[in-house]
Amino acid sequence: MSSNGPVLRAEGVEKRFGRLEVLKGVSLEVNPREVVCVIGPSGSGKTTFIRCINHLEKIDAGRIEVNGHLIGYRERSGKLVEDTERNIARQRAEIGMVFQRFNLFPHKTALENVIEAPTHVRGIAKDEAVRQGRALLERVGLADKFDTYPGKLSGGQQQRVAIARALAMNPALMLFDEPTSALDPEVIGEVLDVMKALALDMGTTMIVVTHEMGFAREAADRMVMMDDGRIIEEGPPLHFFDSPREERTKRFLSKIL
Amino acid sequence: MLAAVDWHILWQRIFHPDHVFVLALWRTIYISVLAQTLGVVLGLIAALMRMSRFFPLRLLSGAYVLIFRGTPLIVQIFFVYFGANLLFGFTLIPRTVDFGVFQMDGAAFAGILALGINEGAYMREIIRAGIDAVDRGQMEAAKSVGMPYRLAMRRIVLPQATRFIIPPLGNEFNNMMKTSSLVFFIGVTELFGDAEIRYSTTFKPVEYFLAVAFWYLVLTTVWSLIQAQIERKLAVSERGDELTFRERVAAAWLPAAMRIRGTP
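Chain order of the listed sequences is H and A.
Positions 1 to 257 (my numbering) are the ones given, in order, by the first sequence.
Positions 1001 to 1264 (my numbering) are the ones given, in order, by the second sequence.
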């Protein structure tokens, strides 16, 4: 799955829920090792957009490619038709996703959550998966929580397990859907620290929907502002925060900073 | 009035059951267990069919529930046992069914089939509700790590749905043990049949029916204890608080409906 082009190439992505147009032609390219933060008011389509990237939502127009592979669809005589479930699952395995509400598997321990996909999707031997899973949980600072069920973990710990679970598949691209907005203020920092380490030390390619501007300033290579189903402005964080071009961006930033 | 009751018979039936009775009790147990198992399997298949993308499967699942929940069980039992013979003139279920390692009375086999098929229609709704009760984010999380639908269903969603399915399933089995008495009408001498036969030869209905009611109560109580154990075990991984033995016994005696706390 390696190629020299961008990790993500989205072109003119449109999405409707019934008569509501949520995405009105979104195009975005993300290069290897790049960290892109997506901000925008609620209802601007940022969450829907990243859900489209791993085909948790079907798209109505446009195309999305990850590492040069079309996501969710096949081309058949010039038209896009939905791909088989097996192929979609295979594509999703290359894309990690961290959800706002963690969505850990509550009937499995932290370690079991992390090794579930490597053993049952990739077919990695259990010993090997456990070894890697432990290393991942250690990396997110949960070396003492291998055998703890999610119900006994704090929100911040759960989200770090969720990050380890996504990393366990060695994804080419990590998607974060407002990873800290369901967390208590005092544990937000521990999750952001893990994400910073991924971005700055590991060089993980990431798209992060977030309103944590401190994180964005430190870790983002590029800021993307969405409004009303479109990307209205993008640029490097320094420039973006200090002298935004669009009036809409200025107003939004003045509210959240 | 009470003087007319022969307490000795009641005493004997409860404390000194004969081997004919024990055989009848055993029949009630195995008919109920096998019919319930069949019901769960059919219910699961029908529930998964109902969620299929393929319309004919959804239609079939709907028709199944419509017919088997909408007609009397006793009619279904008669049709399963005699239907093929009366309608088409061939015997579908022989007098004795040979499974190789053991043999089973044909009527008992037909009874299990009919009870199980009927139960499947109710179990479909219970299993579907259990699957629906699992947070949608679970399926999404499973898909996001690359699990195909079936694997995600089997490894992630269904194990969690079990927690919602077990309490009503327990009630269904409690019902099943009593409802299985209907197979007496196709000639299976189970617990109720045994009492019916004794009563018809002695004309002492009160003694025999009180005794059989007592034995059904024993069955359902034992089951309630087992069920409470199962539910407690299921809860352990998700909640820390385990019930003590006294609480389990208390819970087992409470009306079944009150124990469905914990389901939303």
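Simulated from the structure, these hints should not be mistaken for laboratory data.
Quick reminder that beta carbons are idealized off the backbone N, C-alpha and C, glycines included.
Take these hints with a grain of salt, some might be off.
Restraint ranges, calculated between C-beta atoms of paired labels, are given here [to be verified]:
no., chain 1, residue 1, chain 2, residue 2, range
1, H, E128, A, R1053, 18 to 28 Å
2, A, V1041, H, E246, 51 to 61 Å
3, A, A1213, H, D184, 53 to 63 Å
4, H, D60, A, R1053, 13 to 23 Å
Structure-based check of all given hints:
| no. | hint | result |
| --- | --- | --- |
| 1 | E128(H) <-> R1053(A): 18 to 28 Å | 36 Å, violated |
| 2 | V1041(A) <-> E246(H): 51 to 61 Å | 60 Å, holds |
| 3 | A1213(A) <-> D184(H): 53 to 63 Å | 56 Å, holds |
| 4 | D60(H) <-> R1053(A): 13 to 23 Å | 19 Å, holds |
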